[in-house]
Structures are given as structure tokens and as C-alpha cells.
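Chain A is already provided as a structure; the job is to place chain B on it using the hints.
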Amino acid sequence: MMGRGLVEPVDDLRATNPASHPELLDRLATDFKEHGHDVKHLLRLICNSRVYQLRSAANPQVDIDGMFYTHRQFRRLQAAVFLDAINDVTETTTSFEGLPVGTRALSVPDPTVQSYFLDAFGRSVRSTPCECATDQSPDLAQSLHLINSPHISAKISAGNGRIARLIKADGSDADIIQELYLATFGRPATDSELKTAERFVKNDKSRQENFEDLLWTLMNSTEFVFNH
Amino acid sequence: MFELHAQQPSRRCDGLHRRSFLKVGSLPFFGLSLATLLESRAQAAGTTTDNLSCILLWCDGGLSTIDTFDMKPDAPREYRGDFKPISTSVPGLTVCEHLPRVAQQMHRIGQLRTIAHTGGQHAEACHFMLTGYPQVPDVNAEPVGSVIHPCYGSVVSEQLSWRNNLPPFVQLSAGNIKYHHAGFLGSGYDPLRIKSDPNAADFEIEDVSIPSSVGADRTQRRRSMLAELDRFHRLADQTAGAIAERNEFYNQAYDLITSPAAKQAFRIEQEPADLRDRYGRFREGQAALLSRRLVEAGVRFITVEFNGYDTHDKNFIELETPLLPKLDQAYSALLEDLAERGLLETTLVICMGEFGRTPKVNGLAGRDHYPAVNSICFSGGGMKMDGFVHGQTDDKCSQVVGSAASHHDLAATIYSALGVASNKLSHNIDGRPILTTDNGHPVREMFV
Numbered sequence: 001m002m003g004r005g006l007v008e009p010v011d012d013l014r015a016t017n018p019a020s021h022p023e024l025l026d027r028l029a030t031d032f033k034e035h036g037h038d039v040k041h042l043l044r045l046i047c048n049s050r051v052y053q054l055r056s057a058a059n060p061q062v063d064i065d066g067m068f069y070t071h072r073q074f075r076r077l078q079a080a081v082f083l084d085a086i087n088d089v090t091e092t093t094t095s096f097e098g099l100p101v102g103t104r105a106l107s108v109p110d111p112t113v114q115s116y117f118l119d120a121f122g123r124s125v126r127s128t129p130c131e132c133a134t135d136q137s138p139d140l141a142q143s144l145h146l147i148n149s150p151h152i153s154a155k156i157s158a159g160n161g162r163i164a165r166l167i168k169a170d171g172s173d174a175d176i177i178q179e180l181y182l183a184t185f186g187r188p189a190t191d192s193e194l195k196t197a198e199r200f201v202k203n204d205k206s207r208q209e210n211f212e213d214l215l216w217t218l219m220n221s222t223e224f225v226f227n228h
Numbered sequence: 229m230f231e232l233h234a235q236q237p238s239r240r241c242d243g244l245h246r247r248s249f250l251k252v253g254s255l256p257f258f259g260l261s262l263a264t265l266l267e268s269r270a271q272a273a274g275t276t277t278d279n280l281s282c283i284l285l286w287c288d289g290g291l292s293t294i295d296t297f298d299m300k301p302d303a304p305r306e307y308r309g310d311f312k313p314i315s316t317s318v319p320g321l322t323v324c325e326h327l328p329r330v331a332q333q334m335h336r337i338g339q340l341r342t343i344a345h346t347g348g349q350h351a352e353a354c355h356f357m358l359t360g361y362p363q364v365p366d367v368n369a370e371p372v373g374s375v376i377h378p379c380y381g382s383v384v385s386e387q388l389s390w391r392n393n394l395p396p397f398v399q400l401s402a403g404n405i406k407y408h409h410a411g412f413l414g415s416g417y418d419p420l421r422i423k424s425d426p427n428a429a430d431f432e433i434e435d436v437s438i439p440s441s442v443g444a445d446r447t448q449r450r451r452s453m454l455a456e457l458d459r460f461h462r463l464a465d466q467t468a469g470a471i472a473e474r475n476e477f478y479n480q481a482y483d484l485i486t487s488p489a490a491k492q493a494f495r496i497e498q499e500p501a502d503l504r505d506r507y508g509r510f511r512e513g514q515a516a517l518l519s520r521r522l523v524e525a526g527v528r529f530i531t532v533e534f535n536g537y538d539t540h541d542k543n544f545i546e547l548e549t550p551l552l553p554k555l556d557q558a559y560s561a562l563l564e565d566l567a568e569r570g571l572l573e574t575t576l577v578i579c580m581g582e583f584g585r586t587p588k589v590n591g592l593a594g595r596d597h598y599p600a601v602n603s604i605c606f607s608g609g610g611m612k613m614d615g616f617v618h619g620q621t622d623d624k625c626s627q628v629v630g631s632a633a634s635h636h637d638l639a640a641t642i643y644s645a646l647g648v649a650s651n652k653l654s655h656n657i658d659g660r661p662i663l664t665t666d667n668g669h670p671v672r673e674m675f676v
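Line order of the protein sequences matches chains A and B. When you line the first sequence up against this note's numbering, it's residues 1 to 228, in that order. When you line the second sequence up against this note's numbering, it's residues 229 to 676, in that order.
The following block holds chain A by itself, in its conformation from the complex (with noise of 0.2 Å):
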């Protein structure tokens, strides 16, 4: 939840690895023992405290690695989380194979399953019983994959795509802009995002290229790809 265990790496508990922060560490495990092993409770209470609510933008001279929890980490999306969320935003589905239609990137049981999305952003091969086995290290190839893929590129599209439904609807555009923010943000455009925005898509091109356009700036933004 924080990007960072009080344990790192978050599977490796032993002696000569201690936890950055040991009696908070007690302090949580007790409490999860007093509440009878609730999960539910364990994660309202770090969401409540004032260091999970901590913002991400900080100084990171003091604390690059967030060992001492000043600021938030920014982490990015896992893989199948990421690969369900472009799915929503862009109203597509991803089909695997051997797998019904609408299966979530999430609820893909095997690891032998067919994605390069899944490869080249990291996934459990489940090859020990770890879920740690996720690599969450940005690379070259994911950068080219949000960029340039012509998989991504055709949900952008896609005939019954959310652009191509909101085209359709012929709305405003301030009010297409703000639907898109919503789906990729989870919150409405601030004003001088909707001025630029209605900036791009005023031109000779074709409504549907704008807002495909937009749509993958805002899926190409940090804001969308990074938990923060």
C-alpha cells in the first residue's frame, strides 16, 4: 500500500533484514491480532492514518527511497490492474485465449496465458508461491507499448470504443472532456485543463482523431499510470 514494506523486500523476513520501523511494525501486527485477524480492519486503519494520506510530492533529497515514509510514493499500476483500467477508459475488452469474452486482466488465473501487455509491464509467473514475483521497474519497452501500439492505438479507436460512443452522442466538447477525465482521473478537468483541452480538439481534423488524441495523452499521463 505504501510502495515500500516496513519489511523490504516484503516476503524477506529474517533476523539480519529488520524492519525499517519495528515498533510500528509490533504496534500493527498487535493490533491485527486484537481485532480478531481482520484485513478489513488492517487496511481502514492505514488508509486513515496521516502517513498513508501523505502527498507525493516532496523532498526527495532527504528520503529518495521513501525508507522513512516523508511523502508518498508514486507507484505505478500493476500490470493487470493497468491492463483493466485501459480497457475501462477506452470501453474495450481484452480477449484471452481459452478464456470467455469480458474475462478482467485480474481474474487471469494462468500465467502461461498469451499477453504481451502482462510480459512487458511484469506479472507473477507463479513459479513460487510468492505474488512478489511482480516487476515493477519501468523500461524501455513499456514506454514504446503506451506510446505506439497499435493495440492500444485500436481501443483508442475501437468502433464501439467510449470515443467512438461519445462522438456519436455528439455532446460538447467541454462535456466530452470532462467524461474523459472522470473515466481516466477519477475527477473532473480544472479549468485550465479544460481550456487547453478544448484547445486541441478545435481544429480542421476530425472530432473523432481529436479525441482519440486527447484520450491518449490523458492515458499516457502520470496521473493515469501512477497510483499517487
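Keep in mind that the hints are not guaranteed to be accurate.
[As the list claims (entries may be wrong)] Sample of chain B residues lacking proximity to chain A, with all beta carbon distances greater than 12 Å (derived):
{"no.": "1", "residue": "Thr316"}
{"no.": "2", "residue": "Ser424"}
{"no.": "3", "residue": "Ala429"}
{"no.": "4", "residue": "Gln480"}
{"no.": "5", "residue": "Arg506"}
{"no.": "6", "residue": "Ala525"}
{"no.": "7", "residue": "Gly536"}
{"no.": "8", "residue": "His540"}
{"no.": "9", "residue": "Pro553"}
{"no.": "10", "residue": "Gly594"}
{"no.": "11", "residue": "Val628"}
[To be verified] Here are some, though not all, of the chain A residues that point toward chain B, as calculated from beta-carbon distances under 7 Å:
{"no.": "12", "residue": "Asp26"}
{"no.": "13", "residue": "Leu28"}
{"no.": "14", "residue": "Asp139"}
{"no.": "15", "residue": "Pro150"}
{"no.": "16", "residue": "Ser221"}
In case anyone wonders, no lab produced these hints; they're calculated from the structure. Model, not experiment: these values are computed from the prediction. Glycine is no exception: its CB is placed at the ideal position from the N, C-alpha and C atoms.
Frame of chain A, contents of chain B only:
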């Protein structure tokens, strides 16, 4: 620990899936790597004399040197095995009968036989042989030590940076190669991993070409829209870590997408059919050909993986077909082609696996892991060729005669040939000072 996973590209005995290992503590490394990344890019702008490249033919699983380059025909049968030596282009020097075309290129190869290490399992052996440093992985091949070292290609990337808008380090392999990544330097120096098969009719690099439905103009427009609308983007200067790193990758991605040199380099179909035939119409053959094109275009370090050398059983059957014929064809074609184009002087070609194999044939007609001997083939890049052999193994290929050199020396030799400093000081995120090699000394005898 149990394994649930069945289908995997690796054919190694340990059955481990060769995924990328940069995950333990990867997040903390970002901050460091970006700073050094930017720094090295800035430095590279001033560099002038760097026309050197390297192609590593990696025989994954461990090439049996006693059956190929270091044969012992006079040893008892259970040692010398089934194969016979044949004469080569260098009088007095022999190689395995199943490497007839390589035999004709032996004047373009020099061998180093003094490198011994102690890594008896694949993962640690890969770390020894690909980074120069020891590593003790756990049963899942995950590193136990807190420092994962960068492999040669990543060090080259870090010290020498991009050239002609092409990534410095490319890996041509269906799967991942253990410890073949940037380790503590950060994923910015990982290889560009090309997993698609260059032998396939529809071969192309994932996502490098702009989709025709979008086109170059819109790609450019999207980029400028992103620059203006991404509010976190502007924080990047103050935000170390994932965001800054991602922005760097975005810039690299655009460099690659918009570079004509990159597109041209990957167009293997432009090679004449007879040359493609010469390299061999299979993945490794075409990958070797592609590596030559990448060298011409400006890539600094290319690894071509030859998979399946972990011959614990049926060693002789598998080597006879398909392993050695593929290596024979691709390796010999590469050396010949590089030489004909005058590229061999500036291109270091290395052929090796992570260890040799046991001198005595086992009950399954196989050979097991044996890190005490290896025979590493070097060509070009200022190394001695003409069948030169440095070092010697005993009459059963069971140990190095005389003093053995270490894995650190191997690393220093490779860095020295590529004009890379082997004593550069870096720090991992904990501030631990780490040298490119730990007191490695280039094996001077190997150089002209």
C-alpha cells in the same frame, strides 16, 4: 518450494523461469540511476573515438567445451566422449567434427582457457560470467546478497550511452537470461529485449514502428499535448524516483520511434536471401545476422542467446543435432561476414556459456555443470586471433593447468577491449561504493 509452472522457454535443469530479476529493492534504485543516466548522456556528447561494439553469443545452460573447442581425444573413452576432432584453418588446432564451418574460421578466433569460477548452479554461474562478480542465489535463483551487479552490456550502456538514437544494449532472445540486466545501476541500463523471432516472416520489433492508423504527425501532436497536460510531468525535475525515470524512458522511446536509423537496422528482410541462408534460417542464425546490422547502425552491445546447452542427458545426441549445427552455421557466418565488411577489427565477438561441463560422461550419456574449466572464444576488437590459445586444461579437461584467472579478470578483459573503465566507482542506493570490477586485471596475453 514447489514449481507450478510448466511452459517456459528455458531448457535448463533447474527448471526456473528466467524472468527478469530486477525486483528486489528495485524502487530505491531509481533515483540513483536517473542521475547517473543523465550524467552519462551528457558526457557522451563529448566522446569522440568510440566505434567499438560487442556481440556476445551466449550458450545458455553451459557449453560443453570438452566436446567442442577443448577436446581431449587421448583421454579414456568415458572422458573424451563420442565426438572426434577435425583439423581447422589453423594448422595443429582442432575442433569438434560437428563444427566444420567454425573450423574454417578458427584463424579468426582466439581462446581463453584460464577462467575458472565456483558457481556450480546456473544462476550464480550466470552472475559470475555475465557481471564478473560472485553472487549466491537462493533456491529460486533470487539473489541473497544485497547487491546485484550490472552485466557487461549494462556497464557499457552506463559508461558509453546511446549512439545514433539507438539503445546501446540489445538482447536477442526468446526468454530472459539470468542476471543479464543492469542490477543496481537501475533499469535504465537494461537491454532492449527483443523476443520476437527474427526468422519469422512478419518479424518486427514490438511497438517501434508508428501504427499507420496514427501516423507521424499525430504522434508528434500527442507528444506535445502530453507535455502540456501532464501536470505531474513538470514535477519530474524535483521528483526523483519512478516519475523521473519514466520520463527518461519516454524520451528514449521517442528517440527510437522517430529514428530512421533504428527502423533501418531492424529490417532484416533487406538482407540478400543467400546471406540469410548462410546465417541459417532459424532464430539464432537470423539473430546473429540482425546483430551485425545493429552493430552497423550503432548499437554497442548485442547478446544473442543460443538456448539449450544444459545437456545433463543425451549430451552427444543433442549437441550433434540441433545444438552444434546451429552454432556452427550462425557463428561462422557472423565471423566471415564481419571480416568481409571490415567490421571485425572494431567488433568484439565472444562465444561462451556460463560454465564448462563435467569431464566424465555421466550415466545418462550427459555431462553436468563444471565451472572449473571453460573455453571462451574471442574474435576481433583488438584480441589475438589466428587460433591463439591462452591457458591450458589438463588431459581430462578437469582443471586449469598453471594459474587460473578469475571472473573479475574476464570482466576486465572485456571492458578493456571495449574501452570501458573497469575501475569506475559507483554507489548503490545504500551508498556502498562498488567498482566496475573487483580488482580485475585484463588478461594481457589475449590482446594483440
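Okay, the hints, checked on the actual structure:
| no. | hint | in the structure |
| --- | --- | --- |
| 1 | Thr316 | holds (41 Å) |
| 2 | Ser424 | violated (10 Å) |
| 3 | Ala429 | holds (18 Å) |
| 4 | Gln480 | violated (6 Å) |
| 5 | Arg506 | holds (31 Å) |
| 6 | Ala525 | holds (16 Å) |
| 7 | Gly536 | holds (19 Å) |
| 8 | His540 | holds (20 Å) |
| 9 | Pro553 | holds (30 Å) |
| 10 | Gly594 | holds (24 Å) |
| 11 | Val628 | holds (35 Å) |
| 12 | Asp26 | violated (23 Å) |
| 13 | Leu28 | violated (21 Å) |
| 14 | Asp139 | holds (5 Å) |
| 15 | Pro150 | holds (4 Å) |
| 16 | Ser221 | holds (4 Å) |
In summary, the structure is inconsistent with hints 2, 4, 12, 13 from the numbered list given earlier, while agreeing with the others.
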